[in-house]
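Asks: This is what each chain is made of:
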Amino acid sequence: MAWFKELLALIVFNIRSWRLRPMATGVAIASFLIVVLVFVGIFSVENGFTATARSTGASDVAMVLSQGARSEMSSSLPISDVGVIESAPGVTHNSNGPLIAGEYTDIINATKHGSQEPTDVTVRGVDKSMFTLEPQVKIVAGRMFKTGVNELIVGRRAAQEFKGFTLGSTVHWLQTDWKVVGIFSSNGDVHESELWTDIHALQNADQNNGNVAAMYAKLTSANAFPAFQQSLEHNPQLSVSVLRQSDYYLQQTNALTRFIASIGGLVTLLMGIGAVVGAMNIMYTTIVVRTSELATLRAIGFQASSTFSAVMIEGLLLGVIGGVVGILGAWLIFNGHQASTLSGYGQVIFNFAVTVPLMILSIGIAVFMGLIGGLYPALRASRLAISVALRET
Amino acid sequence: MVSSIRLQLKIVPLLWGNLNRRRLRSGLTLLSIIIGFALFGILGAVLQGFTTGITNGSAELVVFNRNSRFHGLPISYQDSIESIHGVQKVGYMQWFGGYYQDPRNQLAGFAVSPNYPGIDPTITLPSRQIAQWDQDKTGVIVGASTASRYGWKLGESIPVLNTYGVKSWTFIVDGIAHSTIPGRPSDGFFLHYDYLNQSSPLSVQNTVSAFLVGITDADHAARLSSEIDNRFANSSAPTRTNTAQAVAQGFSDQFANLGEIVLIVAGAVFLSLLLITCNVHAQSVRERTSEWATLRTFGFTNRNIFAIVVAEAMLITLVGSVIGLGIARLLVPLLAHEVEMVLPGFLLPLQAIGLGLVIAAFIAVATSIVPLIQVAGIRPAVALRRA
Chain A
1304 MAWFKELLAL
1314 IVFNIRSWRL
1324 RPMATGVAIA
1334 SFLIVVLVFV
1344 GIFSVENGFT
1354 ATARSTGASD
1364 VAMVLSQGAR
1374 SEMSSSLPIS
1384 DVGVIESAPG
1394 VTHNSNGPLI
1404 AGEYTDIINA
1414 TKHGSQEPTD
1424 VTVRGVDKSM
1434 FTLEPQVKIV
1444 AGRMFKTGVN
1454 ELIVGRRAAQ
1464 EFKGFTLGST
1474 VHWLQTDWKV
1484 VGIFSSNGDV
1494 HESELWTDIH
1504 ALQNADQNNG
1514 NVAAMYAKLT
1524 SANAFPAFQQ
1534 SLEHNPQLSV
1544 SVLRQSDYYL
1554 QQTNALTRFI
1564 ASIGGLVTLL
1574 MGIGAVVGAM
1584 NIMYTTIVVR
1594 TSELATLRAI
1604 GFQASSTFSA
1614 VMIEGLLLGV
1624 IGGVVGILGA
1634 WLIFNGHQAS
1644 TLSGYGQVIF
1654 NFAVTVPLMI
1664 LSIGIAVFMG
1674 LIGGLYPALR
1684 ASRLAISVAL
1694 RET
Chain B
4 MVSSIRLQLK
14 IVPLLWGNLN
24 RRRLRSGLTL
34 LSIIIGFALF
44 GILGAVLQGF
54 TTGITNGSAE
64 LVVFNRNSRF
74 HGLPISYQDS
84 IESIHGVQKV
94 GYMQWFGGYY
104 QDPRNQLAGF
114 AVSPNYPGID
124 PTITLPSRQI
134 AQWDQDKTGV
144 IVGASTASRY
154 GWKLGESIPV
164 LNTYGVKSWT
174 FIVDGIAHST
184 IPGRPSDGFF
194 LHYDYLNQSS
204 PLSVQNTVSA
214 FLVGITDADH
224 AARLSSEIDN
234 RFANSSAPTR
244 TNTAQAVAQG
254 FSDQFANLGE
264 IVLIVAGAVF
274 LSLLLITCNV
284 HAQSVRERTS
294 EWATLRTFGF
304 TNRNIFAIVV
314 AEAMLITLVG
324 SVIGLGIARL
334 LVPLLAHEVE
344 MVLPGFLLPL
354 QAIGLGLVIA
364 AFIAVATSIV
374 PLIQVAGIRP
384 AVALRRA
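These protein sequence lines map, in sequence, to chains A and B. The opening position of the first sequence corresponds to residue 1304 in the working numbering, with each subsequent residue numbered one higher. The opening position of the second sequence corresponds to residue 4 in the working numbering, with each subsequent residue numbered one higher.
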């Protein structure tokens, strides 16, 4: 009990002394703060992007592409394949027959707000049955497009990010006018960055001979996938690659996710080491300055262990203060910030996400940095040779 | 004059003595500077990756379909573009989506016109290899990076699978091209357009993805671009013409937001670096108040002492920045493998290293300002009495 009293007295003493060294204390806090800010910032990008990619596609929907095709843009299936796919094992049936949908994809030039140069935006021409396979796609304004007409429905985020896609506007593209008749939401997934239209309207505008880019099949369950895949990939009549729709979107975004995580991880690691070194330097310097004070405390009976703990707790406090302010700052700056980047073939729009696990992790990092930073100065303070320290001054 | 030089020489052991006295502190400061500049180097490489290829200011125009770069243009536009006054030569290319052995080994395939290797300013290869490729219907020119990745040699025949149309192809490696852009890997796979075209599906036969237009005078780029676009404005395939530089810039802008984040991080790194060194330096100068006062009584002027303070900061920041940038130079190639899908031009350019050293010198001066004010305020008699 006495030891704790002693410790408490020392902590209060140390914290009071921050006022005497506002610059040094401020710098120590600021360097922890910057690390946490950058860490949370970078990983809120990674979090937001991965969340968008992960929420796209279902594991019980199979996607059929040309053999070896990496995306819809390099895939083309003859219409004659449809019958074979329909009768493959594991396909769900409803009152209208097998639940499959064809898709034809294209890329349109669109311009972001505040930019002059065009960017690539995905236009998905879909069968009406696609909306049964992607039930999260919901019209939030306007109405659904009509079959066989040049009408577009626009993803919620695409409508915000690109010029000229507001409800009711007309886009001139492929020598035809396309009317924006609806805005849709899709649970925040990749489709919200896209434009959707009727498959036949898009094929006609593109003078396509009726080939589709991809076929989708709703399976009876996620476990039905291997049998479905086997039967199509080993069918000598076809030359196709079959994959889960959910895996496809992870693959498409994998390169970018890996990029952010590897650069972000390295940058945070190096910055973290830098901040620990900096804090150690500052705390060590302040301990050196206070050598005679600390020696005096020891001489009047304060124990080495409580001196050690007090300095460690001081480091911890500096870390936690920097960490909390850093997280708060990062949350204010980054959370919800909308960004758009090229991934696969088209633009993917996503929101930065400062999540609770990310905040907990960053507090952990701040505590760790504070403790490591305090360790050497704490040892130094507790191992003072009292008589020497007092004589020196 | 002579005495001033002698005085400056005497500073050197003094500097060393000062840094050596608090070895731990000097070491920690050095370490944080090393880390700061290692980060600077890595972020510089990221930024380089985002902007690679943009700096090339050659007299080239690129003509795409106005709808998007994935829509074709009729090959017949070639003659029409060539007839425009000020146009030197016109080449064309068509994307070719093939892979080698496994779909994961995608090739950057382009089916190109015979004159293409002479027009594309980003690749270079010996003229006899071009001549060999010219004669060889199934010949390809392969980028050096791709060739070394798969171990391809000149004269070797390469089986390639395609995702649609004719499924399986065989090409002979007739040329190995190197990139003319420093640090940019050479990844093209150039086959003959005619060879692809004769087996293309009817719907895409005689269409190309883009024309590459060599012009006589770079100053006329804007006028020629609009002339080309006006010519095809009312056709079924309208065009969008830009300089090669603008096309590269536009492509890089598609990642725009990520580039901004990199700059913010680099800024944060430097802010914290500046704060830490500034604080430690100020502290160490303040501790030595009585020593500065002693030097003053020996006849050192304030300017001499300023020189010592700045030189100390210079020494530690420059040594730290050289080591840090050196580490970045070693780390970047190791990291390149992780990020090559997104950033093929991930490389630390020499200009960034130069800029780093300039910034190091700037930091040394900036961190000396507070200590200089402290030193200027020293009155020897008072300071010595206090000690």
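If you're looking for bench data, these hints aren't it; they were derived computationally from the structure. As the structure is a computational prediction, the values presented were derived from the model and not from experiment. It cannot be assumed that every hint is accurate.
As the list claims (entries may be wrong) - Below 25 Å or equal to it, Euclidean Cα-Cα: the simulated DMTMM-like pairs (lysine to aspartate or glutamate) are: (1) B/170 <-> A/1509; (2) B/92 <-> B/159; (3) A/1415 <-> B/232; (4) A/1415 <-> B/256; (5) A/1415 <-> B/137; (6) A/1466 <-> B/137; (7) B/170 <-> A/1536.
Asks: Could you run down the list of hints and mark each one as holding or not?
Replies: Hint check:
no.	hint	verdict
1	B/170 <-> A/1509	holds (23 Å)
2	B/92 <-> B/159	violated (31 Å)
3	A/1415 <-> B/232	holds (22 Å)
4	A/1415 <-> B/256	holds (10 Å)
5	A/1415 <-> B/137	violated (42 Å)
6	A/1466 <-> B/137	violated (45 Å)
7	B/170 <-> A/1536	holds (16 Å)
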